[in-house]
Amino acid sequence: MSRKAAKKPYPEVDPSPNWPALEQAVLDSWERDGTFQRSIDQRPAGEGGRNEYVFYDGPPFANGLPHHGHLVTGYIKDIIPRYQTLRGRRVERRFGWDCHGLPVEMLAEKELGVAGHKAITEYGVGRFNEYCMSSVFRFTGEWERYVKRSARWVDFENDYKTLELPYMESIIWAVKQLHEKGLLYEGYKVMPYSWAAETVLSNFETRMDDAYRDRQDPAITVRFELLPESGDELPTDLLAWTTTPWTLPSNLALAVGPDLDYSVLETDGPDGPRRVILGEETVAKYEKEFGDARRVGSVKGADLVGRRYRPLFPFFESLGGKAGRAFRVLAADFIETDEGTGVVHMAPGFGEDDMRVCQENDIPTVVPVDDSGRFTAEVPTWQGVQVFEANKPIIRDLRDRGLLVRHETYSHSYPHCWRTDQPLIYKAMNSWYVKVTDLRERAGELNQQINWVPSNVRDGRFGKWLEGAIDWSISRNRFWGTPIPVWKSDDPNYPRIDVYGSLDEIERDFGRRPNNLHRPDIDEFVRPNPDDPSGKSMMRRVPEVLDCWFESGAMPFAQVHYPFENKEWFENHFPADFIVEYVAQTRGWFYTMHVLATALFDRPAFSNAICHGVILAEGGRKLSKSLRNYTDPEDIFRAIGSDALRWFLVSSPIVRGGELTIAEDDSQVRDAVRVVINPIWNAWYFFSLYANSDGVEAKLRTDSKQLLDRYILAKTSALVTGIAESLDAYDLSGACQRFVDHLDALNNWYIRRSRDRFWRATLDGVADPDKQDAYDTLYTVLVTLCRVVSPLLPIITEQIHRGLTGEESVHLTDWPTLLDDAADPQLVAEMDRVRSVCSAALALRASENARVRQPLASLTVAGANGALLEPYADLIEDEVNVKQLKLTSDIDDYATFRLQVNSRALGPRLGKDMKKVLAASKQGDWRTLESGAVEVAGFELQEGEYELLLQPKDGVACEPLPSRDAIVVLDLALTDDLIAEGRARDVVRAVQQARKEADLHVSDRIHLALALPDDFRVAVLQFSEYVKEQTLATQLDLRPDASAELAAGLSVHEATLGGGAARVGVARVAA
RNA sequence: GGGCCUGUAGCUCAGUUGGUUAGAGCGUCCGCCUGAUAAGCGGGAGGUCGGAGGUUCAAAUCCUCCCAGGCCCA
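For the first sequence, position 128 (counting from the first letter as 1) is numbered 148 according to this note's numbering, and the numbering increases by one without interruption.
Only true hints are included.
For lysine to any residue, the following SDA-like pairs were computed, each having C-alpha atoms within a straight-line distance of at most 25 Å:
(1) K455 / G207
(2) K196 / Y514
(3) K903 / Q1012
(4) K28 / R822
(5) K130 / Q442
(6) K201 / P186
(7) K181 / E162
(8) K903 / D913
(9) K130 / L85
(10) K138 / A216
(11) K973 / T948
(12) K903 / E850
(13) K1016 / R1037
(14) K209 / D390
(15) K201 / E525
(16) K903 / V1038
(17) K484 / N628
Cβ-Cβ distance ranges computed for the label pairs, FRET-style:
(18) P278 / D312: 29 to 37 Å
(19) T916 / K28: 55 to 63 Å
(20) K936 / Q971: 18 to 26 Å
(21) G480 / E131: 40 to 48 Å
(22) R419 / F354: 28 to 36 Å
(23) T1054 / D1019: 12 to 20 Å
(24) K936 / P278: 54 to 62 Å
(25) E380 / R421: 29 to 37 Å
(26) P550 / E380: 32 to 40 Å
(27) E356 / W485: 24 to 32 Å
(28) A749 / A953: 35 to 43 Å
The hints are simulated quantities; they were obtained by calculation from the structure and are not laboratory data. Glycine included, C-beta positions come from ideal geometry on N, C-alpha and C.
Given the sequences, and given the hints that come with them, work out the whole structure.
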């Protein structure tokens, strides 16, 4: 025996490693060796970038720490590029940072203690923006740490930042392009507005947790007097209800639901009889006011449309009359009757719906309220009064004029400014728009060229969103962002607008070149208006900055300073081959990128997009830092590991657009360790243990003739093809599923069934060919597995692959083609059948209380395709522990046939008669014809329209295969020999346990002493050679029952055999 | 209030163009092999597919309504 002296070709493997520590070591080695960069460098770009796989990285805001959601995206962003790299493509991965926008400004406001437009202006826009600039990168270090720890390969050094001058210059170029294409215009948009902080709020801010609070407001019902028309019998009023009386001075229209019914009531007023009109379903609510009124008729809303009415106030009278379109009844689709009167007052300056409906009817927008929420000179009566303060005098005024029908107090949930605690108002603000409505159709066409995962996003979420797209408001009344590059004359008498698309153009007109496009520097670029002969009016930049979504949407070209530089590069890298984000980005980054690509290049911006779902905490709630309902990813990295987290996330429904609920205790991540990581590691551990112990060095080889080897090679070949198929289709969880299935075949079939081939003695230091085949095959399979799974488990496969091959990195290898010729679907199918035979036999043993260690005389497989199992007889006998496998086609003793109708095939032919056929076949009322066909309920079924399945007879110990075409039967009769052999195996089992407890190596030879109950002693005597061989015993002592005198020097272990006490003594003997 | 999505085993989810006895993993129960792995293996139980109607020879699947939850827009 030369085992001890043999070289160890493979590293010593820890059977249960500390995963986080192992991961950190691998990550460190990548960092040290520049493995990521080399994985890119070794792939040529090809002519015109033809061999490149283009990936765009959507830029995150770095003003908070990454959570599970970012990690899902990050893992996918890593997996696809790693896979494409394996396939030989060059995949550059450039990180990007979203630097501008409200989140940054909000943080700055909070930390500087300056709230709102006014305070910031006083504080100084320059200082404010400097602060934003300095704070925006505060978390980049953390981000980089998380990203690197998650084993995501991405280039942080060559990153792009949306605040850099070249990036911003590309942005203003894009704005100018839109302008030249007639896609840019200035208009109004109703926004949530904080009059206290003098700032517009984003939707995001109004949705913050504590923004909505209960508030009491006046709710009043007001009369609007219709202008008389021919056919009117009496003066008539429409009743409208509002909770914002201060908007009534700005009323320009009324709206009704065209399909709603309205009641006409007649009352006796102080000036004689009048009529009022209100929604039929709302009449009951006005019992108090109109309880004694006479109902004189009913009209449809549509009948009221077009009627003119007398303005409540004189302030905007000029917009009505003959010239204007205001002060009419309009049709609207959103009118309800559960609150109010079914008639809605419209103030287009203060309501989004109002503005939309009024614009559709050519009614202009008026906004007689200034930045601090006070009425302007346009409403002289209340000029300077804050709008909420103005409610009372307005109501009093209406009451005095007899226009107030009802005044009540209304309690409702109302949004408040999160900074000042004051109620918000909705107010039309000046805004710049991209005319998406003009692009909509083309954007929809280009969307058809995009491969979305899941596929329903294309015509669903994204497609629908495109169809309903409205013009995109791209300006923000804020400070920290790329400026809108528009200069306007400050004198409306000499109007002029200039849009600048480059630093050169600005330099040309202003005589100097900006070195910073941010405010306030850029605002200092002022020049005389060339169109003003008086020379007094000046061209000044409009105050707004761009929506930061415009900047991220411009990322494909702005990241390379296109078109000022890298023109050719851009042409070769647009559209991207692949991007991924979560599903809400169909309204965010996916959308803005698509809109800009459509507008500027008439091409889609990306060819393949994964749109993953959202992560929820237990109970379906949102992940919330304050609720602490999830574990910080870094803690998971530290405690469990990144590959496990990666596996858990990307094998979940989330990568198919679904939701994923994560357990607070991270048990799902631990499950990934147990289900995937430990098994693949154990396979490697097994290999290294025996290969080292034998001194066998394995080679990549696929030509073993051994059946199990052929099987696992064929199975692995199918896995290689399957994973490529899944990943080519961007189906990550499908790829994961294939691997899990494969692991079961490898560990719990191939390795388990091949074990004795590995531990068979080496003859004179020369491995016998079968043993070498086993090593080579397992080695080949493991190396192949590591490669194809490396995108999904990048760290653990790296470690194993290094151990196996000594090569530096699995991520520098090529996609394996070695097993392409090893595919053998028939062999795989046969082996699957073998496994189902064994499984059925083991189930039968379990139900018959026949422990597997007890050998049985025979296993019979009765039914179809018996010959197919012939070559696998040894395997089945060994697995099921029977002396003989019997194959027969004679089933009569055990089972009968049952007719199984193939509804899918037969249904279309028989239609209604299916019922009869199904009933008859269920009752067994059918017969086989001479021709081989089957007759049932008077119908003749042809081949393919039915199947004959086996049904075990009652009282027979047998088990059908899942395919129901064969049945397994065990011979349960025991002979003395069989019983003795079973006992011998029990003893072997006890000895193996003792070996393990004594911490012996798997190849140690031992001195074995046994003190056994009599019947077991006899059994061991009978099978002593077998026992010695199985336990590697060179010497065997047998003593009476539980002898207390086992020799000194032995490690003694207690055991129970057949209900009696036994003692097992083992000691290593020198090799 | 409107639009979209979801509802299948105790939990997390699959379920192809409607077609046989609705599947998987985890958990649970019972058992067991083992000279890699008890952080293992095998087997069993567990579902009137959210509810009610409808279409059909046939519905988890198609249609309508309702209920519950989520997202988006008001």
